[in-house]
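Protein chains: 2
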Amino acid sequence: MPKQTVDSLIHAKWIIPVNPNNRVLLNHAIAIKQGLILDILDSTLADKTYKSSKTYRLDSHAIIPGLINAHGHASMTLFRGLADDLPLMSWLNNHIWPAERRWVSDEFVADGTELAIAEMLLSGTTCFNDMYFYPNITAKMAHKHKIRAQIMMPILEFPSAWADNAEEYIHKGLALHDDYRNHDLINIGFGPHAPYTVSDESLERIRVLADELDAVVHIHLHETEQEIEEALRQGGERPLQRLDRIGLLSPRLQCVHMTQLNKEDINLLQENGCHVIHCPESNLKLASGFCPIAQLMDAGINVALGTDGAASNNDLDMLGEAKTAALLAKGVSRNAASVPAHQALRMATINGAKALGLDASIGSLEANKSADITAINLNQLIDQPIYDPISHLIYSTCGQKVSHVWIKGKLLVEQGELTSLDTKALQYKVVEWRDKIRIAENQQSMQF
Amino acid sequence: MPKQTVDSLIHAKWIIPVNPNNRVLLNHAIAIKQGLILDILDSTLADKTYKSSKTYRLDSHAIIPGLINAHGHASMTLFRGLADDLPLMSWLNNHIWPAERRWVSDEFVADGTELAIAEMLLSGTTCFNDMYFYPNITAKMAHKHKIRAQIMMPILEFPSAWADNAEEYIHKGLALHDDYRNHDLINIGFGPHAPYTVSDESLERIRVLADELDAVVHIHLHETEQEIEEALRQGGERPLQRLDRIGLLSPRLQCVHMTQLNKEDINLLQENGCHVIHCPESNLKLASGFCPIAQLMDAGINVALGTDGAASNNDLDMLGEAKTAALLAKGVSRNAASVPAHQALRMATINGAKALGLDASIGSLEANKSADITAINLNQLIDQPIYDPISHLIYSTCGQKVSHVWIKGKLLVEQGELTSLDTKALQYKVVEWRDKIRIAENQQSMQF
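Protein chains in written order, with this note's numbering: chain A, 1 to 448; chain B, 1 to 448.
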């Protein structure tokens, strides 16, 4: 029988498809054609079945679905480490918000997003959700670098460099949604910032529009105790109750943070099929509280994973985030069997895809899904011994070990290097930003 | 004036001496002579003052004191990832203890310790405390690879391959202490395993001997709720009260884990100058509880940092451990200002030196201290921007970025490679162990 021609054939020591769960395929290969996974089969059989102009033999590597970062603010990567170890309100009021007012522009968002995309690709992330000002620029950068993205139009009642009021945020957002209506890698959703920054009226409008456009809604929710207390004081409702009253609870809703949850909250999430986006490192760093993910998953609620912005993390490494999530869940639930490694990997892949409404095409390595693939090289002495590659990926590696990344079959990282992003030029721009921002910050802190 | 000759001159972009606290020296150099730090001064001045046969120009690097891993079981690195995501008692009873009974031998300890030393050096650790069977082999390996170590003679009432009863453990341990009495890098202390495995009689003997020999005592203590409950049930005392009654609480005592602490416990630790060794990743992974380190440090108690064994971590990366410690402390204390980056760095360096009783010679970069030094290369795009190198080291890097390591002035890691350990040969041995252990474990699990 003649061999079938494919675009790429990736052989690997271990392939971890994520679906079915906790499965490791030894010495298998993935055949890719027209950006899709055509077949996953034994390596020897693959060589007999397929011929390919591009063949990769990753003899010491584990291959997983591309990681999905379900919550972040890409351009804030330019503020990485600008202000650490501060109480939340001082961090926001005296550092982050003044810095945003001073610096955020289309140029800032372009360079910051490019830096974030570089870091995400190099650490194995192939798809990210983003919520920030100038989402048009974020989308442009994602398009340029061929990374998959779900980009939120930011919506709040307060003015920023991007828009003056909720109406303008929505107006500009809808135009952006229209621009990307048929894009293969990018889709636009609604990003009401938080319950305390968006009015009932705007939330109602968002509900109607999201239903009409079948678009996701992404919101910071139940992030801190203070948020709940203020909401109860001002309106007599917990934020989740308020969203329920407005009709926003649905499988289209992505609830980010969720560190303050009672039994009724969990019931509401479960009954309405809402998704929870867990950001453990940011929640720890800002002392926001603990999201009870073991309890949520036991209730059948889909929990995905996000790094949040680099200003409160301080990196965009999803393998590191999955380790933190798996460890923290055990401590918080007081059960060492909670969130095993394979479940943490699901949070960073298929659960992210479900939350973003993209699980028909990404999140696992299966025939007919998009070839969004990450390879991690485990050839070093310090990667030994390996008894279970899934455990090893979650507990003993980090993004630094990612060697190859494909999105829709296109190779974007090869041997740990970006294939088509000029890192030198970008590094130069980032250092320029750092110098400008640092001088201004120092001047400001001298004033106080 | 003629230039003074030194052995090595290390120029670096940033030098972080740890003492004084939270200080960063820009474009400075360290002059090393006969294994000691002779001087730390401005780079330009250094070139005018000193000539050196070996000069390093680390233009994109941060230099810190060598990291000190204050609690571990080096040879258990061969069990890395053998059994994860299990409740503590099932992990111990059904996996770790049977595997130890089956595998632990002088050969196992030699190869496992060598693997751990390689991983520790490559991730910037220059000194480690160790508690395990065959401490004579651990000491031999530390000596061979010229890494600094404080090695505990294990003491418990139960037989193992190393000794039959407490008397024999102590007898063999004292002989080992004698062998290393005058060693420049290695010292031997007392390692009673835990309150529940060592009798009052043995603990009293250890107190007398430790006083006599001026040696440290290192013990797993208040690790789990169950430990406290059992102790109260059996003897009516909390373990710390029992150690107090026996007279073991002193600045010589290293209390490892300490996740269960009430106000009286904290007072006892504080009044007696005991050290706490915090192992956050192991405590999380085994769901042991949370050590309240912010509260301990507020009370003036010295808190050092350890990875614990790789079987419950699953790596020996002290920079990663410091990040986890800094983040977790904020979550647990509900204060985002708790344990700032510079304090986390102190835990991993000078606090470790204090706990080990070695702070006169290591733990900070100061004239007349030993030249135990770690350099981290921050030249990559994803290391940008850097506003504060200390924050960057704790929150945004990991051991993978360590480029150079010196112990007592001797270069042991250069450009991320070990200078004098044959990693290929070692990797081959480790894979052999993995194959043997994995087959036996699989057979065993099929039996049940």
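None of these hints come from the bench; they were simulated from the model. Wrong hints could be hidden among the right ones.
Pairs involving identical chains hold if they fit within one copy or between any two copies, as the list cannot separate such chains.
[To be verified] Straight-line C-alpha distance at most 20 Å; calculated SDA-like pairs for lysine to any residue:
(1) Lys436 - Leu381
(2) Lys436 - Tyr387
(3) Lys33 - Trp433
(4) Lys263 - Leu411
(5) Lys144 - Leu381
(6) Lys429 - Asn379
(7) Lys424 - Ile40
(8) Lys429 - Ile186
(9) Lys424 - Asn379
(10) Lys48 - Lys263
(11) Lys144 - Asn187
(12) Lys48 - Asn262
(13) Lys54 - Gly416
(14) Lys48 - Asn267
(15) Lys429 - Asp388
(16) Lys3 - Ala294
(17) Lys54 - Lys424
(18) Lys263 - Leu213
(19) Lys429 - Arg57
(20) Lys436 - Leu26
(21) Lys263 - Asn136
The hints, checked one at a time:
no.: 1; hint: Lys436 - Leu381; verdict: between (42 Å within a copy, 18 Å between copies)
no.: 2; hint: Lys436 - Tyr387; verdict: between (48 Å within a copy, 11 Å between copies)
no.: 3; hint: Lys33 - Trp433; verdict: neither (41 Å within a copy, 40 Å between copies)
no.: 4; hint: Lys263 - Leu411; verdict: neither (45 Å within a copy, 57 Å between copies)
no.: 5; hint: Lys144 - Leu381; verdict: between (37 Å within a copy, 19 Å between copies)
no.: 6; hint: Lys429 - Asn379; verdict: between (34 Å within a copy, 14 Å between copies)
no.: 7; hint: Lys424 - Ile40; verdict: neither (37 Å within a copy, 32 Å between copies)
no.: 8; hint: Lys429 - Ile186; verdict: neither (26 Å within a copy, 48 Å between copies)
no.: 9; hint: Lys424 - Asn379; verdict: between (27 Å within a copy, 11 Å between copies)
no.: 10; hint: Lys48 - Lys263; verdict: neither (56 Å within a copy, 69 Å between copies)
no.: 11; hint: Lys144 - Asn187; verdict: within (15 Å within a copy, 58 Å between copies)
no.: 12; hint: Lys48 - Asn262; verdict: neither (56 Å within a copy, 67 Å between copies)
no.: 13; hint: Lys54 - Gly416; verdict: within (18 Å within a copy, 31 Å between copies)
no.: 14; hint: Lys48 - Asn267; verdict: neither (52 Å within a copy, 71 Å between copies)
no.: 15; hint: Lys429 - Asp388; verdict: between (41 Å within a copy, 18 Å between copies)
no.: 16; hint: Lys3 - Ala294; verdict: neither (47 Å within a copy, 64 Å between copies)
no.: 17; hint: Lys54 - Lys424; verdict: neither (28 Å within a copy, 30 Å between copies)
no.: 18; hint: Lys263 - Leu213; verdict: neither (32 Å within a copy, 57 Å between copies)
no.: 19; hint: Lys429 - Arg57; verdict: neither (36 Å within a copy, 25 Å between copies)
no.: 20; hint: Lys436 - Leu26; verdict: between (51 Å within a copy, 18 Å between copies)
no.: 21; hint: Lys263 - Asn136; verdict: neither (39 Å within a copy, 55 Å between copies)
The structure does not agree with the numbered hints 3, 4, 7, 8, 10, 12, 14, 16, 17, 18, 19 and 21 stated previously, though it agrees with the rest.
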